[in-house]
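Engineer: Residue strings, one per chain:
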Amino acid sequence: MTNEAIIQLKDIDVTFHNKGQTVEAVKHVSLSVERGDIYGVVGYSGAGKSTLVRVINRLQRPTAGSVEVNGQDILELSSRELRTARTKIGMIFQHFNLMASRTIADNVGYPLKGRMSHADRKQKVAHLLELVGLSEKATDYPAQLSGGQKQRVAIARALANDPEILISDEATSALDPKTTSSILALLKRLNKELGLTVVLITHEMEAVKEICNKVAVMEDGEIIERGDLVSIFSRPQKPLTQDFINTATQINQALEKIFRQADSLNLSESQQLVQLQYVGASTDAPLITELYKRYGVVSNILYGNVEILQDTPLGNLIVVMSGDPDKLAAAWQYCLDAGIHITHLNPNDSEVA
Amino acid sequence: MNLLAKYFPNAVTMKSDFVQATGETLYMTAITAIVAGIIGMAIGIGLIVTQPGGILENRVIYNILDKIVNLCRSIPFVILLAVIAPLTRIIVGTAIGTTAAIVPLVIGSAPFYARQIQNALAEVDRGVIEAAESVGSGPIAIIFRVYLKEGLADIIRSSVLTLISLIDLTAMAGAIGGGGLGNLAINVGYSRFETDVTVMAMLIILVIVFAIQLIGDLLARHVDHTA
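Each protein sequence line maps, in turn, to chains A and B.
Per my numbering, the very first residue in the first sequence carries number 678; after that it's consecutive.
Per my numbering, the very first residue in the second sequence carries number 29; after that it's consecutive.
Read the hints as simulated data drawn from the structure, not as lab findings.
One or more of the hints may lead you astray.
Said to hold, decoys possible - Okay, derived cross-link-like pairs now, DSS-like style, lysine-lysine, Cα gap no bigger than 27 Å in a straight line:
| no. | chain 1 | residue 1 | chain 2 | residue 2 |
| --- | --- | --- | --- | --- |
| 1 | B | Lys177 | A | Lys790 |
| 2 | B | Lys177 | A | Lys765 |
| 3 | B | Lys95 | A | Lys801 |
| 4 | A | Lys814 | B | Lys177 |
| 5 | A | Lys765 | A | Lys891 |
| 6 | A | Lys915 | A | Lys704 |
| 7 | A | Lys934 | A | Lys915 |
| 8 | A | Lys790 | A | Lys801 |
| 9 | A | Lys765 | A | Lys865 |
| 10 | A | Lys814 | A | Lys790 |
| 11 | A | Lys869 | A | Lys814 |
| 12 | A | Lys799 | A | Lys814 |
| 13 | A | Lys765 | A | Lys696 |
| 14 | B | Lys95 | A | Lys696 |
| 15 | A | Lys765 | A | Lys869 |
| 16 | A | Lys814 | A | Lys687 |
| 17 | A | Lys765 | A | Lys801 |
| 18 | A | Lys799 | B | Lys177 |
To be verified - Listed next, the stretches of chain B that the computed footprint assigns to chain A, with coverage defined by at least 3 CB atoms under 8 Å from CB atoms of chain A:
| no. | stretch |
| --- | --- |
| 19 | 149-157 |
| 20 | 171-178 |
As the structure is a computational prediction, the values presented were derived from the model and not from experiment.
Beta carbons are placed, not taken as given, at the ideal position from N, Cα and C, and that holds for glycine.
When you get a sec, could you build the whole thing from the sequences and use the hints?
Structural biologist: Structure follows, in structure tokens:
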């Protein structure tokens, strides 16, 4: 994988005028996606993420800014050139958008109509259906398929023109968790096998966590935070990012439970509720034992979770530490030196971090 | 046959008149359906693609088409028949007769059909259009391979509706000089107090209408794969 940017959005503004009201859906956003990336764009609905990615294939013309895809200035293209450029940018949608009147094979072959001979098309469609694991459904109609199968058909259709980029606009949002995982696994496989660059729009950090290598967080039409997956997950800067991540790692739920039972914890002066976060190798260190051996600090684990992100372990522990105040301070310093991030939690402050 | 003679004493003696009138009605309906079908289809597609948010959004063309359709649909057909007579004379050479009736019939039914087509195509999911755009389809491909294909079941249902209302119009046109079953029912049956002729004309029209409805329903069901 090279470091060449395949998608380059610069200073994108998208402003809608509707009945005298002006809505700035996207404000001054720049985004650079490199070849081979699976780039997640996360945000709540209305954050402008869909509008932003629709700029990539000019389904949405930006009010200002520049769009470069594969070295081509998308905004300068004539409509004929744009259509050719679009064949290299596949797109899948939340509601699949299949044609109800066409069979599965016809849906997949639709983009190839008029572009290749009937025999070639048939062969290509068979190959695409095999790729997404739906060969036996070729003669069915979309209404006969489940949501996950429909999305696989949509993916096969999006791949018909051999695109280099696949834009996934909330493609898993209408699916159950298990189906979501299988669709995400398929996208990951396509990324690896075909070198497909994927831009994944979602409001679920879980989806990002599973397959993305980079992520941008959007709020109110702006990208408020971006970076590679591991650093965003281990060191989120903005409250919204932290919120997304805590939901994805289920720490929010754990904290909520712990805080609800704060009274029964009965923390004394010499006890502290802390959250320990560690990335990579430090996961393996026998931390709890070490703290006891060195400082006589006893740690009672209330919650533990390890995520593997891009082959990097990311651990989260919520523990109650007991010991003399100076010993506790020394123990925390030891953690910090070991590269472990410590958050002191106040059980009486019911606001979840 | 005796029963027929008993209840339709006048009608049984006019067999050839009925055959000819039925032929005229079918002729007016068929020719009008073809001409108005093409015009209505074109205007309906024009409306859908130029409407705000359409694939060839164009406010001016949309408003012109929209106003024409509304205007034509606002004129009661019987009045249209009279008003349009000079134009009919220019086009056909005469304002009376079966062929002459086709001009007002086209003008009366094409806008109706255009609106029906517009409504049928409006049912096509915007997301599907967008998906087609995203794979590089141009406007022509989207019209023929998406709109008309996806909207086909609804187009058939609208066409049946239009055809049936067209038969209604042919009866009216027939009554004032266009020939056909309407002419027979009014100018023979009603005016000469031969009620059985009117009833027979009505029955034949009902048979035609039911046949169209039946075939249309079967066709629509055949192409509809939404459920």
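Engineer: The structure should be examined with respect to each hint, and the outcome stated for every one.
Structural biologist: How the hints compare with the structure:
A C-alpha spacing of about 14 Å is found between lysine 177 of chain B and lysine 790 of chain A, which places the hinted pair at or below 27 Å, so the restraint holds. In summary, the hint linking lysine 177 of chain B to lysine 765 of chain A is supported, as the alpha carbons are separated by about 25 Å, within the 27 Å threshold. Distance restraint check for lysine 95 of chain B and lysine 801 of chain A: the Cα-Cα separation of roughly 47 Å exceeds the 27 Å cut-off, and the hinted pair is therefore not satisfied. For the hint linking lysine 814 of chain A to lysine 177 of chain B, the alpha-carbon distance of about 21 Å falls within 27 Å, and the restraint holds.
Restraint check for lysine 765 of chain A and lysine 891 of chain A: satisfied, since their Cα atoms lie roughly 22 Å apart, inside the 27 Å limit. The suggested pairing of lysine 915 of chain A with lysine 704 of chain A holds, with an alpha-carbon distance near 18 Å, which does not exceed 27 Å. Only pairs whose Cα atoms come within 27 Å are accepted, and lysine 934 of chain A paired with lysine 915 of chain A is accepted, the gap being roughly 24 Å. For the given pair, lysine 790 of chain A sits about 12 Å from lysine 801 of chain A by alpha-carbon distance, which is consistent with the 27 Å threshold.
For the hint linking lysine 765 of chain A to lysine 865 of chain A, the alpha-carbon distance of about 18 Å falls within 27 Å, and the restraint holds. Only pairs whose Cα atoms come within 27 Å are accepted, and lysine 814 of chain A paired with lysine 790 of chain A is accepted, the gap being roughly 20 Å. Taking the CA atoms of lysine 869 of chain A and lysine 814 of chain A, the gap is about 25 Å. The hint holds against a cut of 27 Å. Annotation: proposed proximity of lysine 799 of chain A to lysine 814 of chain A holds, straight-line Cα distance about 14 Å (limit 27 Å).
For a cut-off of 27 Å, the pair hint linking lysine 765 of chain A to lysine 696 of chain A is broken: about 36 Å separates their Cα positions. Distance check on the hinted pair: lysine 95 of chain B and lysine 696 of chain A sit about 23 Å apart at the alpha-carbon level, within 27 Å; holds. As the CA atoms of lysine 765 of chain A and lysine 869 of chain A are separated by approximately 17 Å, the hinted pair is consistent with the 27 Å bound. Under the criterion of a C-alpha separation no larger than 27 Å, the hint pairing lysine 814 of chain A with lysine 687 of chain A is inconsistent with the structure, at around 42 Å.
This hinted pair checks out: lysine 765 of chain A and lysine 801 of chain A have alpha carbons roughly 16 Å apart, not beyond 27 Å. A distance of roughly 20 Å separates the Cα atoms of lysine 799 of chain A and lysine 177 of chain B; the hinted pair therefore holds under the 27 Å criterion. Counting residues of the stretch 149-157 of chain B whose CB falls under 8 Å from any CB of chain A gives 3; the rule of at least 3 is met. Three residues within the 8 Å Cβ limit are the bar, and the stretch 171-178 of chain B against chain A gives 4, so the coverage statement holds.
Comparing the model with each earlier hint shows violations of hints 3, 13, 16; every other hint is respected.
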